[in-house]
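Spelled out, the chains give:
Number of protein chains: 2
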Amino acid sequence: MAKVIRVNMTDRTVTVEPVPEQYAALGGRALTSRVVYDEVPANCHPLGPFNKIVIAPGVLAGTTAPSSGRISVGGKSPLTGGIKESNAGTPVAQKLGRLQVKMIVVEGQAEDGAYLLKLDKDGAALLPADDLKGKLTREINKDLFAKYGKKAGIMTIGVAGDFKMSNGGICFNDTEGRASRYAGRGGLGAVLGSKGLKAMVVDDEGSPGVEIKDKELFKQGQKKIVDAIRSHPVTKPDGALNTYGTAVLVNILNEAGGYPTRNFSTGQFEGAAQTGGEAILEAVKERHGGMTGHGCHPGCIIRCSNVYPNPDGSEFTSCIEYESTWALGANCGIANLDIIAKLVDQCNEIGLDTIEAGVTIGVAMDAGVIPFSDGEGAIRLMEEIRQGTPLGRILGNGAWFTGKAYGLTRIPVVKRQGMPAYEPRAVKGIGVTYITSPMGADHTAGYTIAPEILAVGGKADPLSPEGKVELSRAFQAATAFIDTTGYCLFTAFPVLDIPSGMEGMVETVNSVLGTTWTTNDVGALGLETLKLEWRFNKNAGFSKEDDRPPEYMRYEKLPPHNQVFDISDEELDKIWAAFEA
Amino acid sequence: MAKVIRVNMTDRTVTVEPVPEQYAALGGRALTSRVVYDEVPANCHPLGPFNKIVIAPGVLAGTTAPSSGRISVGGKSPLTGGIKESNAGTPVAQKLGRLQVKMIVVEGQAEDGAYLLKLDKDGAALLPADDLKGKLTREINKDLFAKYGKKAGIMTIGVAGDFKMSNGGICFNDTEGRASRYAGRGGLGAVLGSKGLKAMVVDDEGSPGVEIKDKELFKQGQKKIVDAIRSHPVTKPDGALNTYGTAVLVNILNEAGGYPTRNFSTGQFEGAAQTGGEAILEAVKERHGGMTGHGCHPGCIIRCSNVYPNPDGSEFTSCIEYESTWALGANCGIANLDIIAKLVDQCNEIGLDTIEAGVTIGVAMDAGVIPFSDGEGAIRLMEEIRQGTPLGRILGNGAWFTGKAYGLTRIPVVKRQGMPAYEPRAVKGIGVTYITSPMGADHTAGYTIAPEILAVGGKADPLSPEGKVELSRAFQAATAFIDTTGYCLFTAFPVLDIPSGMEGMVETVNSVLGTTWTTNDVGALGLETLKLEWRFNKNAGFSKEDDRPPEYMRYEKLPPHNQVFDISDEELDKIWAAFEA
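Protein sequences, first through last, are from chains A and B.
In terms of our numbering, the first sequence opens at residue 1 and continues consecutively.
In terms of our numbering, the second sequence opens at residue 1 and continues consecutively.
Just so you know, the hints here were simulated from the structure itself, not pulled from any lab data.
Worth double-checking, as some hints may not be accurate.
Repeated chains share a single entry, so a pair holds when one copy, or any two copies, can fit it.
[As the list claims (entries may be wrong)] Heads up, simulated DSS-like pairs for lysine-lysine below, C-alpha to C-alpha not over 25 Å straight-line:
id	residue 1	residue 2
1	Lys285	Lys342
2	Lys223	Lys142
3	Lys135	Lys215
4	Lys544	Lys531
5	Lys459	Lys574
6	Lys133	Lys215
7	Lys223	Lys135
8	Lys574	Lys538
9	Lys544	Lys574
10	Lys133	Lys342
All figures in this text were calculated on a predicted structure; none of them were measured in a lab.
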């Protein structure tokens, strides 16, 4: 029987409850956002006793559906001040699914000390974990695997979370146990830090497995989505993602003039070729070590991840994604993959979101803290964060905070969350997503790059403002659904282009939940979640003025297209007008 | 003829314009708030090119009306993100009044460099002032008096403004030329810093003087308000304010259990007696130096200011007000007047609001940066701000920013502005003012301490939540009017208790403006200004959630009365309900 684990950090009690009826057909983001909406006072202090953290595997996590090992973490974000759902691909999602844990709700606050939540088939327990505080995530994983066995699933926060920094993320292990998969965005690691929950260990030995209500339907849907993933050029074996990883996008976005460089001051980076997916593959081949085509969780058939090697071929770190090579590369003017890998590794160890970290360093460089392109300087800045020095406190609280500390006006954030690797002035649909998503600037919330750049799911001119509000709304709605399923967002590529793929997605979900949704319901289901998220933010004090681009993007022209962000406020306000009612 | 000086920092032009008809009957805060509402896009970046600074002397500044040398500075605040009016008592107000300068509007942004605005009877000019950058305000005043003569009036920002810190204030000289009178709250010095306007020199030699439309009425009103001030126990010669200064309140508030101590963790300070007004007077007498009964501008007949002496009797600094001895004393657990004087002096030199600085240090102490009561440590923290180190960048951006840097939940701010020296849990009307004022936490915005503690203008139980919304609204409205007149807010004590005093205030205003207001109009006139301020904030994205106490004050009981802040959100929302229409 599916269950809810409720962890009260104030009195350190753990209860196991049945899943309330109204949550039965939810999972992943739909569930975390719903529970945060229902249980967290919208105007509470994100680091105070009334915030909660909700951890929910996607509906299909733990089944044999392909690439479905995603886990969602929700709460009120100390970075944005609004609702947050941040997700990751990890075996932990699958283990929770197999244990039939629908969600874990962490509430209250321990007065002091650090604790570990241990979950297995027999139940859940809170154990003291003061020994883990202050450690790097790699050390924590090492300790916990030694204690609980190699097959454990581990969630932890790093020192950034201990320090309650707004860029403190939540780290999950990958297939081989690396502390490398992050629910990174929005500082939910700081919320766990404020509660005193340092880590979670999940042991699924002897677990009952995911209950599938209609096994035939599951099989049918599974085959459809597997076929779609395996036949689409972006996701197929030896396709773009599998071969080069997500960083295949570097040269594509650079070519399009939408690759934000040196704190979003231009849309092209002279070091793109040295830092893109092709260069990562070359390093793997030349150094005879590391790998591309790596999967973050078992059962992934896209496998876009990688392990980057040292010059001697030994393993260095995982993973250099598109976002991380951009954030810590082009955005800082750094054209050296080994330095970028070092910075990624530091983020992993310290417990930081690589996007926010890179946007922050870019802002710090623009403020003159260190010069652009100073890779060794950037490594030192990360070390400041690890030590929690005053400069580290500034940087660890993210790009907006850093810009404010230094009196900057060029701070590329929305709702105080740093913008990802697509320039909104050059790719306007993604700009609408950044600006209007309840999550703050987030590319995954409505990835219009698909039609605007990749001609997937239709085709749209990236420079044109026309129709982008509608485009972004449709993508945000579909995404909110996908984020509930457990499927990786990259399944959207085949699913958008291949109708039977979308059928397979919905059928597998129906087979587990017992629902009878059709592909036509996807948008409406996603909008239900978005509406709750939007309402939470409104209750938290957000207004239309929070759905705005940074002021300077309205008047500073971005080379090479010399474009400003020219979708009007009135147009932007149309996106959620239906929610006002 | 009254005029408007418009300074465009982008192209460094200065124009002199006639006063638009609709601004003719305004002055001080009514004028700055109106122009900010009319001309500044509410959602602009406070440090960007679209914000403006409006400087306006009060209506009576420059006349012989008593205690009327106040000047208002308005703009969008980088501290609160909302509208801000901050005022000071200074000869500069009077000189501008006599030059018939109704207001100065500073707009645009210089690309680089620092500039000085020179005003005299012949007009206005912008001059390069790079030599002033990075200097302490005391050095700036010394340089400028040497260059422009001892009779000049000087406005300047300190390094805090150069650094664009959210606690950068605007410094005006006092009667003897000290750099000691501040439009301190809300970081408007940072806005001047962002524009490149470092200083202003006002020379009123040969000025026409304030045009008084009805000289007989002026005389009549002047006599009434002089008589009222001279007869009220709080403001009369050798009365409480004149003898002890504003710090006469220290023991009174401490006795009432409403004197916030060690970052608002208790309402009584064991070092109150050593740091109050009586102790200041004793130091002046024992050391045979310094003075109490000092006036911040010529013509003040209250004279609540002081000059604090060194142990050898020589002059140290001016002035140790109630707010500063509290902020840098009790709130930091520091019970030593000489250390407090040093901290006040550092604020003056660096260009900081003493309230925000003290609340910030209290927060930093609570976060463990230095221990409570560590006076030498506090002096070092101020030095960090002066140098603009990373820690200085944190502290210079105020209490909210510092609390956020260290992940604290006990941050005594509203709209991110630090709370002044009255505990809202022990004196609930002032709590309503803090929470609902468009200015952020500000005692001067609606000083209900008068009836709640001093039995002036009626009598109210400080611990009771009853009727406090109405009380605060009435005080906020009256204050918004007084802040336009040029009269010091302390004239409110006699004016509230003595009907002819209020008549005198209104008559003197009428005599200059040609208006025919009665004492019954005061509230409505004040509400007009408050409504514009509230609307500006709403347009800037503020919601009811910004009119809330810090969460912890709802559940952490304050000794010795063990009270929480128990006026409900619904009750608070009534205060400006009429503005919603």
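Structure-based check of each hint:
no., hint, result
1, Lys285 to Lys342, "within (19 Å within a copy, 65 Å between copies)"
2, Lys223 to Lys142, "neither (37 Å within a copy, 83 Å between copies)"
3, Lys135 to Lys215, "neither (44 Å within a copy, 77 Å between copies)"
4, Lys544 to Lys531, "both (15 Å within a copy, 20 Å between copies)"
5, Lys459 to Lys574, "within (22 Å within a copy, 51 Å between copies)"
6, Lys133 to Lys215, "neither (44 Å within a copy, 75 Å between copies)"
7, Lys223 to Lys135, "neither (44 Å within a copy, 73 Å between copies)"
8, Lys574 to Lys538, "both (16 Å within a copy, 19 Å between copies)"
9, Lys544 to Lys574, "both (10 Å within a copy, 23 Å between copies)"
10, Lys133 to Lys342, "within (23 Å within a copy, 39 Å between copies)"
Going down the numbered hints, you'll see the structure goes against 2, 3, 6 and 7, while the others check out.
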